[in-house]
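Novice: Residue numbers (my numbering), protein chains in the order written: chain A, 1 to 411; chain B, 1001 to 1411.
It is possible that part of the hints are untrue.
[To be verified] Only pairs whose alpha carbons sit at most 35 Å apart, straight line, appear in this in silico DSBU-like list of lysine-lysine: (1) B/Lys1110 <-> A/Lys129; (2) A/Lys18 <-> B/Lys1220; (3) A/Lys63 <-> A/Lys45; (4) B/Lys1404 <-> B/Lys1318; (5) B/Lys1045 <-> A/Lys45; (6) B/Lys1110 <-> A/Lys45; (7) B/Lys1235 <-> B/Lys1287; (8) A/Lys123 <-> B/Lys1063; (9) A/Lys63 <-> B/Lys1318; (10) B/Lys1391 <-> A/Lys18; (11) B/Lys1045 <-> A/Lys18; (12) A/Lys110 <-> A/Lys123; (13) A/Lys45 <-> B/Lys1018; (14) B/Lys1220 <-> B/Lys1129.
Quick caveat, the hints were computed from the structure, so don't treat them as lab data.
Number of protein chains: 2
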Amino acid sequence: MGIIVQKFGGTSVADADKIRRAARRVIQTADKGYGVVVVASARGKQTDQLVADALELNPNPPKREMDQLLSTGEQQTVSLFAMALDAMGRAAISFTGSQIRMMTDSMYTKARIQSIEADRIHKQLDQGKIVIVAGFQGIDEHENITTLGRGGSDTTAVAIAAALGADECEIYTDVDGIYTADPRIFKNAAKMDQISYDEMLEMASLGAGVMHPRSIEFGKKYDVKIHVRSSSEDKEGTRIIHEVPQMEGVVVSGATIQRDLAKIGLIGVENVPGNAAKVFAHMARAKVVVNDIVQTEISPEKANLSFMIGISDLIDAKKAIEEIKAELKCDGVFVREDIAEVSVVGVGMRSHYGVAETMFGALAQAKVNIDSITTSEIRISCAVDEDQADKALEAVCLAFDLDKPARLRRK
Amino acid sequence: MGIIVQKFGGTSVADADKIRRAARRVIQTADKGYGVVVVASARGKQTDQLVADALELNPNPPKREMDQLLSTGEQQTVSLFAMALDAMGRAAISFTGSQIRMMTDSMYTKARIQSIEADRIHKQLDQGKIVIVAGFQGIDEHENITTLGRGGSDTTAVAIAAALGADECEIYTDVDGIYTADPRIFKNAAKMDQISYDEMLEMASLGAGVMHPRSIEFGKKYDVKIHVRSSSEDKEGTRIIHEVPQMEGVVVSGATIQRDLAKIGLIGVENVPGNAAKVFAHMARAKVVVNDIVQTEISPEKANLSFMIGISDLIDAKKAIEEIKAELKCDGVFVREDIAEVSVVGVGMRSHYGVAETMFGALAQAKVNIDSITTSEIRISCAVDEDQADKALEAVCLAFDLDKPARLRRK
């Protein structure tokens, strides 16, 4: 018997009707002869309500107790889901993270999975039951309840699929798959039939929602086929898989915009060894994540140094800069918040030339000024004025035929 | 270090303010040098909401899933309670039934406690922490979550007090103790300083709320001192303890009214061996609990047979009677729903004469007609017309000085 893991997020189980709709999806799959394991999140706004309840009592609640509290949201969903299946005449059983021994480390609110007792699930599947597992939660070696943090339920689903050797891990969402670009910005974006883990990781890291990078990493590591699909429509979505040869034929798979960025520039920093290191050591201590570092010499003695940070880190970053400004002996500091980054991603870049040229050409033709450029093996990113970002994305998408399915694109 | 267990019911933790008030009570006790273990119920109407959510999906939800669902209510309270204590500067840790290995049988929705791992609690108390335990819940040997049913949180508190060898188990409620009679009916009812387990058991069985008989039985069996007291006022309540010699000086400790009763009479039942047995075997099959059976011979061949049942069982009982009516060859069946039972309870009855006489005399003087009488070693109950019940209770209370503290009563 093949096994399919199906993950339903909070909006897909928000009320009784939605739970019933999800339950019918599960039954469809079970009727094809699969053993089905459901992973479910907390219903709609339940988690927000619990967080509000906690903050009313304690502005800084202990993390262990926060996890103890929040894990009830998923526990409620899974028991209700099992009841819905029972009402439809199906044998079902729900499990908490504790009940399937979803062992994690003790990093409350962002724990990492260590192991799962797959036997408990197999045993129930062998008895013909549909198994419903609470996402997002686990326990540590001392039976303390932990939660997995952002992307937690996706990660639970992928981890269970890996532990069970499932045929596929289906992620049900309110979109019908992964698009070449955000369709709210580039209206003609094409749905992808498949995308490689590496590409999906880059796109997820660049802010293309749908799935958290962590669950994709997990899928890549344990070779879990992930299928992102719509919870409201019954059609094929996008499969996230290992790279296959024909993928290289496609140079660029997708394009993204990241907006929540700020750029910090240090002008005329004294060009002595260790000065740049000093800046980033100080940023690290302030827990600011730094990207896209660019250093350019402006004279034999001085250089300009700039880097990108998340906008949410800006206050911490500014404070850190103030503290070492004198020491650095730099001429000035500038901060740009009106900046965005447009990126193209594709494993095909590894073996194709001219991608950068095409991208820069498209931006030039659209009269978009490029502030700075950074690249990785399968990605090129350009920082641009934020108010030019939409236009930039569209130009790049058209240059790489991202309005067409992969097979119809110019090579 | 002495240990005190403090149990707070749903109304005592209904919102943030009430949780804070309860937390302050806990801190007061901790500041006296006690190790404190809190047992808490689900907040206010949370359980009702969860039941409604379940019924929306399944009119007859599987009991295992119901327990999985309902146990989240207490889990939420205990984590919030720990957060409140943390905000007040106290180290606290919350536990689910699973986390303290509150082992039960597998009778979902009405499981019975088998064992508790007291070491896990002791370890935290030894570290100076206040321990908050979810009431009402446990797990069976297969890690399935179970709930204890009616009176479950009281039973959890008493069981933990027993397992820890606690000095006392405090039950916080919205009344300030146990009264000689229901003060809503007999306004001058006196609060008792103490009552024996046996008396409290009888009174609880006779409908005097406050505590469920099951938790009192547990306390009696494991010798746990129970202290029923007010969650809003800081004063002594009523202690439930083993019988002490001076208790015998008091003949009657309390009086009760039970209203949710019906009386079923079978007139002229053929007086052959096994006929009565047939009736009660049939009632047992219909899961009707029968009390106060009275049989009187009306001729050498025939007898009248009557008994009391809970009003909620009346439909089932009537159906059962219909089924065997022909077989019994009885002349008629009557049902009285306008009936109530007034009882007096007291361990002193064991060694005192004249209690029945006093009671019947008081009822006669108040012109209350007695329908039937039943007694146990420490109780006398009279069935009366329901509309005379309040008057009957008052007459009985005055006859036994139940408006006075125990030490001031006439012997």
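Novice: Work down the list of hints and note, for each, if the structure agrees.
Specialist: Going down the list of hints, with the structure as the test:
1. B/Lys1110 <-> A/Lys129: Given that 35 Å is the threshold and the Cα spacing comes to 24 Å, the pair holds.
2. A/Lys18 <-> B/Lys1220: violated, 49 Å
3. A/Lys63 <-> A/Lys45: Satisfied, since the Cα-Cα distance of roughly 20 Å is no more than 35 Å.
4. B/Lys1404 <-> B/Lys1318: With Cα atoms ~43 Å apart, B/Lys1404 and B/Lys1318 exceed 35 Å; violated.
5. B/Lys1045 <-> A/Lys45: holds, 18 Å
6. B/Lys1110 <-> A/Lys45: OK: B/Lys1110 and A/Lys45 at ~31 Å, within 35 Å.
7. B/Lys1235 <-> B/Lys1287: violated, 43 Å
8. A/Lys123 <-> B/Lys1063: holds, 20 Å
9. A/Lys63 <-> B/Lys1318: Distance of about 57 Å is beyond 35 Å: violated.
10. B/Lys1391 <-> A/Lys18: violated, 56 Å
11. B/Lys1045 <-> A/Lys18: Given that 35 Å is the threshold and the Cα spacing comes to 24 Å, the pair holds.
12. A/Lys110 <-> A/Lys123: holds, 29 Å
13. A/Lys45 <-> B/Lys1018: Roughly 24 Å between the alpha carbons, so the hint for A/Lys45 and B/Lys1018 holds.
14. B/Lys1220 <-> B/Lys1129: holds, 29 Å
In summary, the structure is inconsistent with hints 2, 4, 7, 9, 10 from the numbered list given earlier, while agreeing with the others.
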